[in-house]
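> Make the full structure from the sequences, and use the hints.
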Amino acid sequence: MKKITRILFAAILLLSLVTPLLADTIKLKDGSVIRGQVIGFKDQQFTILIGGNAKGRRGQTTVYVEDVESIDFDSTSGGAISQTDDSANNISQPSRPAPAPQNNQSDSSSSTVRIGDAPAPVSANPTFFTIKVSVRADNANNGWTNSGLVVRKGQRLRITASGRVSLGRGRFSTPVGLATISDNEKLMRNEPTGALIAVIGDDNDDFILIGPKRDFVAQRDGVLFLGVNEGDLSDNTGSYDIVIEAEAGAGSTRP
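So in the numbering used here, spot 218 of the sequence shown is number 980, and the numbers just go up one at a time.
Since the hints were made in silico from the structure, they are not lab data.
The structure presented is a predicted model; accordingly, all values stated were derived computationally and were not measured.
Heads up, some of the hints might be wrong.
[Claimed, not checked] Using 25 Å as the maximum straight-line C-alpha spacing, the simulated DSS-like pairs for lysine-lysine come out as follows:
hint	residue 1	residue 2
1	Lys789	Lys894
2	Lys804	Lys791
3	Lys975	Lys894
4	Lys804	Lys789
5	Lys915	Lys789
6	Lys894	Lys804
7	Lys915	Lys975
8	Lys894	Lys915
9	Lys791	Lys915
10	Lys791	Lys894
The following block contains the structure:
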(Lines of atoms letter the chains of each structure in order from A and count residues from 1; the text may use other names and numbers.)
(Lines give C-alpha, C1' and ligand atoms only; values in the text may rest on other atoms or scores of the structure.)
Protein backbone atom coordinates (compact mmCIF):
# COMPACT_ATOMS: atom_id res chain seq x y z
CA MET A 1 0.00 0.00 0.00
CA LYS A 2 2.82 2.42 0.87
CA LYS A 3 4.47 1.73 -2.50
CA ILE A 4 1.23 2.45 -4.38
CA THR A 5 0.62 5.61 -2.37
CA ARG A 6 4.14 6.86 -3.13
CA ILE A 7 3.61 6.22 -6.87
CA LEU A 8 0.32 8.15 -6.82
CA PHE A 9 1.92 10.97 -4.84
CA ALA A 10 4.83 11.18 -7.29
CA ALA A 11 2.42 11.20 -10.24
CA ILE A 12 0.43 14.12 -8.83
CA LEU A 13 3.63 16.02 -8.04
CA LEU A 14 5.07 15.37 -11.51
CA LEU A 15 1.84 16.51 -13.14
CA SER A 16 1.94 19.70 -11.12
CA LEU A 17 5.52 20.44 -12.13
CA VAL A 18 4.78 20.30 -15.88
CA THR A 19 1.73 22.56 -15.53
CA PRO A 20 2.04 26.35 -15.01
CA LEU A 21 2.06 26.79 -11.23
CA LEU A 22 1.44 30.36 -10.17
CA ALA A 23 -0.43 30.01 -6.91
CA ASP A 24 0.19 26.68 -5.18
CA THR A 25 -1.05 26.71 -1.60
CA ILE A 26 1.00 24.77 0.95
CA LYS A 27 -0.80 24.34 4.27
CA LEU A 28 1.44 23.60 7.26
CA LYS A 29 0.47 21.65 10.35
CA ASP A 30 0.84 24.72 12.57
CA GLY A 31 -2.02 26.36 10.68
CA SER A 32 0.08 28.68 8.51
CA VAL A 33 0.00 28.81 4.72
CA ILE A 34 2.60 29.38 2.00
CA ARG A 35 1.62 30.74 -1.40
CA GLY A 36 4.21 30.08 -4.07
CA GLN A 37 5.28 27.62 -6.75
CA VAL A 38 6.29 24.06 -5.89
CA ILE A 39 9.24 23.33 -8.16
CA GLY A 40 10.70 20.14 -6.69
CA PHE A 41 10.58 17.35 -4.12
CA LYS A 42 13.77 15.62 -2.91
CA ASP A 43 15.05 14.08 0.34
CA GLN A 44 11.61 14.48 1.98
CA GLN A 45 11.60 18.24 1.25
CA PHE A 46 9.47 20.38 -1.04
CA THR A 47 11.28 23.22 -2.81
CA ILE A 48 9.02 26.26 -3.20
CA LEU A 49 9.69 29.38 -5.28
CA ILE A 50 8.58 32.46 -3.34
CA GLY A 51 8.69 36.19 -3.81
CA GLY A 52 8.76 38.31 -6.96
CA ASN A 53 11.73 39.32 -9.02
CA ALA A 54 11.82 43.01 -8.09
CA LYS A 55 15.05 44.46 -6.69
CA GLY A 56 16.75 41.05 -6.66
CA ARG A 57 14.63 39.80 -3.79
CA ARG A 58 13.43 36.46 -4.99
CA GLY A 59 14.32 33.04 -3.73
CA GLN A 60 13.39 29.55 -2.72
CA THR A 61 12.47 27.93 0.54
CA THR A 62 12.21 24.28 1.53
CA VAL A 63 9.59 22.63 3.70
CA TYR A 64 9.91 19.16 5.19
CA VAL A 65 7.11 16.79 4.28
CA GLU A 66 6.43 16.09 7.96
CA ASP A 67 5.52 19.76 8.47
CA VAL A 68 2.98 19.82 5.63
CA GLU A 69 -0.74 19.15 6.05
CA SER A 70 -1.72 19.52 2.38
CA ILE A 71 -0.76 21.09 -0.94
CA ASP A 72 -3.33 22.65 -3.27
CA PHE A 73 -1.83 22.77 -6.75
CA ASP A 74 -3.18 25.55 -8.96
CA SER A 75 -4.12 23.21 -11.78
CA THR A 76 -7.32 21.87 -13.29
CA SER A 77 -5.95 18.31 -13.43
CA GLY A 78 -5.06 15.83 -10.74
CA GLY A 79 -6.90 14.46 -7.72
CA ALA A 80 -6.70 14.01 -3.97
CA ILE A 81 -4.47 11.37 -2.42
CA SER A 82 -3.13 10.62 1.04
CA GLN A 83 0.54 10.21 2.01
CA THR A 84 0.74 7.53 4.69
CA ASP A 85 4.47 6.81 4.84
CA ASP A 86 5.22 6.95 8.58
CA SER A 87 8.96 7.22 7.90
CA ALA A 88 8.45 10.88 6.93
CA ASN A 89 7.50 11.60 10.53
CA ASN A 90 10.81 10.32 11.89
CA ILE A 91 13.05 13.04 10.41
CA SER A 92 14.82 15.08 13.07
CA GLN A 93 16.11 18.49 11.90
CA PRO A 94 15.93 20.85 14.91
CA SER A 95 17.36 23.88 13.11
CA ARG A 96 15.69 23.56 9.72
CA PRO A 97 13.46 26.34 8.39
CA ALA A 98 9.77 26.02 9.22
CA PRO A 99 8.12 28.85 7.27
CA ALA A 100 5.14 30.68 8.70
CA PRO A 101 3.82 32.52 5.66
CA GLN A 102 0.86 34.32 4.17
CA ASN A 103 -2.74 33.33 4.68
CA ASN A 104 -4.53 32.90 1.35
CA GLN A 105 -7.48 30.94 0.04
CA SER A 106 -6.81 28.25 -2.55
CA ASP A 107 -8.66 27.87 -5.85
CA SER A 108 -11.51 25.37 -5.63
CA SER A 109 -10.41 23.87 -8.95
CA SER A 110 -6.93 23.00 -7.70
CA SER A 111 -5.73 19.47 -7.04
CA THR A 112 -4.94 18.65 -3.42
CA VAL A 113 -2.29 16.37 -1.97
CA ARG A 114 -2.94 15.70 1.71
CA ILE A 115 0.01 14.64 3.85
CA GLY A 116 0.09 13.13 7.31
CA ASP A 117 -2.35 13.81 10.14
CA ALA A 118 -4.53 16.83 10.86
CA PRO A 119 -2.85 20.10 11.92
CA ALA A 120 -1.66 20.21 15.51
CA PRO A 121 -3.59 22.66 17.72
CA VAL A 122 -1.84 25.96 18.39
CA SER A 123 -0.79 26.40 22.00
CA ALA A 124 -2.02 29.41 23.98
CA ASN A 125 1.61 29.99 25.01
CA PRO A 126 3.69 31.04 21.99
CA THR A 127 6.54 28.80 20.93
CA PHE A 128 9.43 29.68 18.64
CA PHE A 129 11.38 27.74 16.02
CA THR A 130 14.96 28.62 15.09
CA ILE A 131 16.59 29.33 11.74
CA LYS A 132 20.32 29.94 11.25
CA VAL A 133 21.60 31.78 8.19
CA SER A 134 24.76 33.58 7.03
CA VAL A 135 24.29 37.08 5.60
CA ARG A 136 26.93 37.99 3.04
CA ALA A 137 28.28 41.53 3.04
CA ASP A 138 28.98 41.66 -0.71
CA ASN A 139 26.62 42.55 -3.55
CA ALA A 140 25.56 38.98 -4.40
CA ASN A 141 21.78 38.90 -5.07
CA ASN A 142 21.73 42.70 -5.03
CA GLY A 143 22.98 42.66 -1.45
CA TRP A 144 20.10 40.65 0.01
CA THR A 145 20.17 37.24 1.69
CA ASN A 146 16.92 35.27 1.57
CA SER A 147 16.37 33.89 5.07
CA GLY A 148 14.11 31.12 3.75
CA LEU A 149 11.36 32.33 6.09
CA VAL A 150 7.99 33.69 5.00
CA VAL A 151 6.46 35.66 7.86
CA ARG A 152 2.90 36.73 8.57
CA LYS A 153 1.69 40.09 9.78
CA GLY A 154 1.55 39.94 13.57
CA GLN A 155 4.21 37.24 13.88
CA ARG A 156 6.88 37.90 16.48
CA LEU A 157 10.53 37.62 15.44
CA ARG A 158 13.75 37.61 17.45
CA ILE A 159 16.94 38.10 15.46
CA THR A 160 20.45 37.87 16.91
CA ALA A 161 23.56 38.64 14.86
CA SER A 162 27.29 38.20 15.36
CA GLY A 163 30.48 38.22 13.31
CA ARG A 164 32.67 40.74 11.52
CA VAL A 165 32.77 41.81 7.87
CA SER A 166 35.08 43.94 5.75
CA LEU A 167 33.60 47.08 4.20
CA GLY A 168 36.68 47.57 2.03
CA ARG A 169 39.58 50.02 2.33
CA GLY A 170 40.63 48.55 5.66
CA ARG A 171 37.29 49.14 7.37
CA PHE A 172 35.62 46.40 9.41
CA SER A 173 32.18 46.28 10.95
CA THR A 174 30.12 44.16 13.31
CA PRO A 175 26.29 44.00 13.06
CA VAL A 176 26.16 47.21 15.13
CA GLY A 177 27.64 49.15 12.21
CA LEU A 178 30.00 52.14 12.13
CA ALA A 179 28.36 55.49 12.86
CA THR A 180 31.57 57.35 11.90
CA ILE A 181 31.41 56.37 8.20
CA SER A 182 29.45 58.75 5.98
CA ASP A 183 27.49 57.05 3.19
CA ASN A 184 24.73 58.85 1.28
CA GLU A 185 23.92 55.75 -0.76
CA LYS A 186 23.08 53.36 2.08
CA LEU A 187 19.47 52.24 2.40
CA MET A 188 18.98 53.54 5.96
CA ARG A 189 20.80 56.88 5.86
CA ASN A 190 20.30 57.69 9.54
CA GLU A 191 21.62 54.33 10.75
CA PRO A 192 25.26 53.14 11.06
CA THR A 193 27.07 51.99 7.94
CA GLY A 194 27.58 48.23 7.86
CA ALA A 195 24.77 47.52 10.34
CA LEU A 196 22.55 44.49 9.79
CA ILE A 197 19.19 45.44 8.29
CA ALA A 198 16.10 43.56 7.13
CA VAL A 199 13.07 43.96 4.91
CA ILE A 200 9.88 41.92 4.60
CA GLY A 201 8.75 41.30 1.04
CA ASP A 202 10.29 41.74 -2.41
CA ASP A 203 8.15 44.82 -3.13
CA ASN A 204 8.82 46.75 0.07
CA ASP A 205 11.33 49.46 1.03
CA ASP A 206 10.30 49.75 4.68
CA PHE A 207 13.70 48.68 5.99
CA ILE A 208 14.23 47.50 9.57
CA LEU A 209 17.40 48.08 11.60
CA ILE A 210 18.39 44.81 13.27
CA GLY A 211 21.92 45.49 14.56
CA PRO A 212 23.25 42.86 16.97
CA LYS A 213 19.77 42.01 18.30
CA ARG A 214 16.16 42.91 17.58
CA ASP A 215 12.81 41.66 18.85
CA PHE A 216 9.86 42.89 16.79
CA VAL A 217 6.46 42.06 15.34
CA ALA A 218 6.09 41.77 11.57
CA GLN A 219 3.92 44.52 10.10
CA ARG A 220 3.15 42.68 6.86
CA ASP A 221 3.28 39.30 5.14
CA GLY A 222 6.26 38.34 3.02
CA VAL A 223 9.69 36.79 2.70
CA LEU A 224 12.26 37.99 5.25
CA PHE A 225 15.44 39.31 3.61
CA LEU A 226 18.61 40.41 5.43
CA GLY A 227 21.42 42.67 4.28
CA VAL A 228 24.17 45.14 5.17
CA ASN A 229 23.45 48.87 5.41
CA GLU A 230 25.95 50.21 2.88
CA GLY A 231 25.63 51.75 -0.57
CA ASP A 232 28.69 50.22 -2.28
CA LEU A 233 28.98 46.52 -1.51
CA SER A 234 31.35 45.67 -4.36
CA ASP A 235 34.51 45.57 -2.21
CA ASN A 236 32.95 43.87 0.80
CA THR A 237 33.86 40.42 2.08
CA GLY A 238 32.73 38.19 4.94
CA SER A 239 29.34 37.48 6.46
CA TYR A 240 27.31 37.88 9.62
CA ASP A 241 26.03 34.83 11.49
CA ILE A 242 22.31 35.16 12.14
CA VAL A 243 19.94 33.29 14.44
CA ILE A 244 16.24 33.90 13.79
CA GLU A 245 13.63 32.84 16.31
CA ALA A 246 10.17 32.98 14.76
CA GLU A 247 6.89 32.49 16.56
CA ALA A 248 5.10 29.34 15.45
CA GLY A 249 1.36 29.36 14.88
CA ALA A 250 1.03 33.10 15.52
CA GLY A 251 -2.35 34.77 15.12
CA SER A 252 -3.07 37.68 12.81
CA THR A 253 -2.47 40.28 15.53
CA ARG A 254 -0.43 40.59 18.71
CA PRO A 255 -0.21 43.38 21.30
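> Take a quick look at whether lysine 894 and lysine 915 sit within 25 Å of each other, Cα to Cα.
21 Å, holds
> Please verify whether lysine 791 and lysine 915 have alpha carbons no more than 25 Å apart.
Status holds; Cα separation ~18 Å.
> Compare the distance between the alpha carbons of lysine 894 and lysine 804 with 25 Å, and conclude whether the hinted pair is satisfied.
Holds, at roughly 21 Å.
> Does lysine 789 sit within 25 Å of lysine 915, going by the straight-line distance between their CA atoms?
17 Å, holds
> Just to be careful, I want the Cα atoms of lysine 791 and lysine 894 compared with a cutoff of 25 Å; is the pair within it?
22 Å, holds
> Taken at face value, is the distance from the CA of lysine 975 to the CA of lysine 915 at most 25 Å?
Holds, at roughly 20 Å.
> Regarding the pair lysine 804 and lysine 791, is the alpha-carbon distance no greater than 25 Å?
Given that 25 Å is the threshold and the Cα spacing comes to 20 Å, the pair holds.
> Taking only the CA atoms, is the gap from lysine 975 to lysine 894 under or equal to 25 Å?
Measuring from Cα to Cα gives roughly 14 Å; hence the hint holds.
> Run the distance test for lysine 789 versus lysine 894: straight-line Cα separation, threshold 25 Å.
Roughly 23 Å separates the two Cα atoms, so the pair holds.
> Could you grab the alpha-carbon distance between lysine 804 and lysine 789 and see if it respects the 25 Å cut-off?
Judged against 25 Å, a Cα distance of about 18 Å means the pair holds.
The structure shown violates none of the earlier numbered hints.
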